[in-house]
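Let the hints inform the model, and build the full structure from the sequences given.
Chains A and B, in that order, give the protein sequences. Take the first sequence: its letters are residues 5 to 282, numbered as in my numbering. Take the second sequence: its letters are residues 12 to 333, numbered as in my numbering.
Calculated from the structure, these hints are not laboratory results. Do not take every clue at face value.
[Said to hold, decoys possible] Subject to a maximum C-alpha distance of 20 Å in a straight line, what follows is the list of computed EDC-like cross-link-like pairs (lysine to aspartate or glutamate):
(1) B:256 with A:238
(2) B:260 with A:140
(3) B:257 with A:65
(4) B:216 with A:174
(5) B:216 with A:167
(6) B:257 with A:75
(7) B:286 with A:237
(8) B:125 with B:115
(9) B:260 with A:65
(10) A:85 with B:207
(11) B:185 with A:193
(12) A:163 with A:140
(13) B:286 with A:174
(14) A:160 with A:75
(15) A:231 with A:193
(16) A:160 with B:115
(17) B:185 with A:174
(18) B:256 with A:65
(19) B:257 with A:72
(20) B:256 with A:68
(21) B:260 with A:68
(22) B:257 with A:68
(23) B:189 with A:200
(24) A:163 with B:207
(25) B:256 with A:75
(26) B:185 with B:220
(27) B:189 with A:193
(28) B:189 with A:174
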Amino acid sequence: MNSQHPASRRSRILTLAILILCTAHFDTAVFGQVGWTDEQFDQWVFQQYGNASTARVRLKESLELYTEDVDQTCGLSDAQKQKLRLAGKGDIEHFFRKFKKVKTKFQAIRNDQQKVNQIFQDISPLQAKLATGIFDRDSLLQKCLVNTINREQFLKYLKVDEERQRFHHEAKIGVIISLLDQAAPVTAEQRRKLSDLLRQETRPPRKSGQYDHYAMMHQAAKIDDEKFQQILDDIQWQVFNQQLGQMRGIEQWLKQNGILSDDDDADILLPDEQVAAE
Amino acid sequence: MKSKRQTIRNRLRGDAKPVKRGIVRQKAAVVAVGAAEAAEEVGQVLGDLIGGLFGRGNRGEPAVAAKLDGNALKQFEAQFGRHFDQMIKTELHFIRIVCQPTREQYDAMAADGKLIRTKTIGKFALLQQGINRGIQSNDSDTRKPISEGLLLSAKRHLSADQVAAYERELTARKEAAKEVAILVTAGKLDRRLVLDTPQRAQVTKVLTENWNPAWGAPQMMMHGGQYFPDIPDSKITPILTATQKKVLKSTTQQSNVFWGFNIGMNQGIAVADEKWDEEPGNEASEGTEPANKDATDEKSRGDDTAEAANVKDASSVGEGSK
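So, in structure tokens, the structure goes:
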């Protein structure tokens, strides 16, 4: 008879369970060396979203909101909406293809701390893309928009988009002055003059996200010192100049992270102008 | 019923009743300003005033001193002392621009500033100690106790007009900060929900009417792109479309984000000393080395007319762009 004693069977099941648990945790503890898990990698890339599936849901929601907004502004036909949704889905898939490629690379080196540190060079652009929004100027969605809507619709869209950018620009100018106020307070009159100067000499970053403040300060750092010195006195300028100084050397970092690009100063072309340019 | 967090906050700040007594003392002390002539007495009165700001223990000792670990205070001072130096100096400089005090008035306030610095550092060292022990507090604005302390000092040393000018500017500063924080918060909602222009205006209005100062932490403005304050849904949803409502519902709103105390972009730089124009025939007055400073002070205190001219220089900030 081949029957087992219940205690022996329980013991085998317990051993098996321990073995499974050990295998599952092997990637996090190899002979005392900490390895990184897939979940940790997802957390690095998706940050506030936590994981890939939540990020995918959020991106689809953003696409739907964006399409609705353009529709409300320009009055899209069903075919136009369909095209935009398709292009947006293409952007989402493109992002996840890049993510998968980096993740595969990560899985091969997860136990080598030095190589894990290096892989952050690949993770960083993915983080920045999510932070600044995947439907930016370079996206399929934006290119599709230009090719899908007519000149009249595009002009309406530009007007609404400019209003939105102005709103965000005002907020960013306010943040710069508010942080100066914390470090070296300015008077209401100085605040007003600084706002005017920054409004005049900076423009909203084309890509918007959690690093907006740095992008704006980087622009402010390029303004002639004299213009600030006409508004601020020596002590206030000493403090503000120190803040600006930190931003003078970060252009490369802003570019690497997709916050600035070389064509940021390029004028926006209307659909027919873009076709002509191509 | 008091929440646990509220109880912890009260412990950090000192009991409510002693603070209330402190406020009564402030009023009484402000009335009795003229009587406080001796330097020692002045220090005691100001100590009382500032004690009201920071809270007191039951035995009349500042709560911060009674509960603070000595080493923690030393470490905190070593790490952040220069940041508080910058805040005191720049706030005093701001007062000079706005109120145009005489040098005598300025020096008296600067002396009070030293006491305010000590108290403020004590307060935030205690806060930091609490943070290290896992206690959270959003009482994070480091400049607030400094400007409030110097306002009390101004009431002692400056004229009513000068105090009114400072108060006006403090109110304007506070309003400007609130306005910016509202714009930033509305901007975050816009980025998430893709609002149209009228919706942005409506959201801004709702935020203004229901503003919670915790939503305006500078860290929230600089780095908080992914943090959404816990705005009551009932106020916002009537403005939104069905899709926007769905997205807002799925957006995690954080009511318990804890940023620690804030020094903003204050880098703790050594701010230049105040310059006072030289009196006629006194070559050593401006930019005088500390060794000669006392003698220079004596001379400059004697001439209010010269002081008025000096202050005009400090207050002519921004004239060039007019």
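Results for each hint:
1. A threshold of 20 Å between alpha carbons decides the hint, and for residue 256 of chain B with residue 238 of chain A the separation of about 50 Å lies outside it, so the pair is violated.
2. At roughly 25 Å between alpha-carbon atoms, residue 260 of chain B and residue 140 of chain A are farther apart than 20 Å, so this suggested pair is violated.
3. Between residue 257 of chain B and residue 65 of chain A, the direct Cα distance comes to roughly 9 Å. Compliance with the 20 Å bound is thereby established for this hinted pair.
4. Proposed proximity of residue 216 of chain B and residue 174 of chain A is supported: the alpha carbons are some 16 Å apart, at most 20 Å.
5. Restraint check for residue 216 of chain B and residue 167 of chain A: satisfied, since their Cα atoms lie roughly 17 Å apart, inside the 20 Å limit.
6. In summary, the hint linking residue 257 of chain B to residue 75 of chain A is supported, as the alpha carbons are separated by about 18 Å, within the 20 Å threshold.
7. Restraint check: the Cα-Cα separation between residue 286 of chain B and residue 237 of chain A comes to about 12 Å, which is no more than 20 Å; the hinted pair holds.
8. This hinted pair checks out: residue 125 of chain B and residue 115 of chain B have alpha carbons roughly 16 Å apart, not beyond 20 Å.
9. At roughly 12 Å between alpha-carbon atoms, residue 260 of chain B and residue 65 of chain A fall within 20 Å of each other, so this suggested pair holds.
10. Pair hint residue 85 of chain A plus residue 207 of chain B holds up; C-alpha atoms about 18 Å apart against a cutoff of 20 Å.
11. The suggested pairing of residue 185 of chain B with residue 193 of chain A holds, with an alpha-carbon distance near 14 Å, which does not exceed 20 Å.
12. Of the supplied pair hints, the one linking residue 163 of chain A and residue 140 of chain A holds, its CA atoms being roughly 17 Å apart against a limit of 20 Å.
13. For the hint pairing residue 286 of chain B with residue 174 of chain A, the CA-to-CA distance comes to about 35 Å; that exceeds 20 Å, so the pair is violated.
14. Using a Cα cut-off of 20 Å, the hinted pair residue 160 of chain A and residue 75 of chain A holds, with the two alpha carbons roughly 11 Å apart.
15. A C-alpha spacing of about 15 Å is found between residue 231 of chain A and residue 193 of chain A, which places the hinted pair at or below 20 Å, so the restraint holds.
16. The straight-line distance between the Cα atoms of residue 160 of chain A and residue 115 of chain B is roughly 62 Å, outside the 20 Å bound, and the hint therefore fails.
17. The suggested pairing of residue 185 of chain B with residue 174 of chain A holds, with an alpha-carbon distance near 17 Å, which does not exceed 20 Å.
18. For the proposed pair residue 256 of chain B and residue 65 of chain A, the alpha carbon gap of about 11 Å is at most 20 Å, so the pair holds.
19. Restraint check for residue 257 of chain B and residue 72 of chain A: satisfied, since their Cα atoms lie roughly 14 Å apart, inside the 20 Å limit.
20. The suggested pairing of residue 256 of chain B with residue 68 of chain A holds, with an alpha-carbon distance near 13 Å, which does not exceed 20 Å.
21. The straight-line distance between the Cα atoms of residue 260 of chain B and residue 68 of chain A is roughly 15 Å, inside the 20 Å bound, and the hint therefore holds.
22. Pair hint residue 257 of chain B plus residue 68 of chain A holds up; C-alpha atoms about 11 Å apart against a cutoff of 20 Å.
23. Restraint check for residue 189 of chain B and residue 200 of chain A: the C-alpha separation of about 19 Å stays at or below 20 Å, so the hint holds.
24. With a CA separation close to 12 Å, the supplied pair residue 163 of chain A and residue 207 of chain B stays within the 20 Å bound.
25. As the CA atoms of residue 256 of chain B and residue 75 of chain A are separated by approximately 18 Å, the hinted pair is consistent with the 20 Å bound.
26. Distance restraint check for residue 185 of chain B and residue 220 of chain B: the Cα-Cα separation of roughly 16 Å lies within the 20 Å cut-off, and the hinted pair is therefore satisfied.
27. For the proposed pair residue 189 of chain B and residue 193 of chain A, the alpha carbon gap of about 17 Å is at most 20 Å, so the pair holds.
28. For the proposed pair residue 189 of chain B and residue 174 of chain A, the alpha carbon gap of about 14 Å is at most 20 Å, so the pair holds.
This entry does not satisfy hints 1, 2, 13, 16, going by the numbered hints stated previously.
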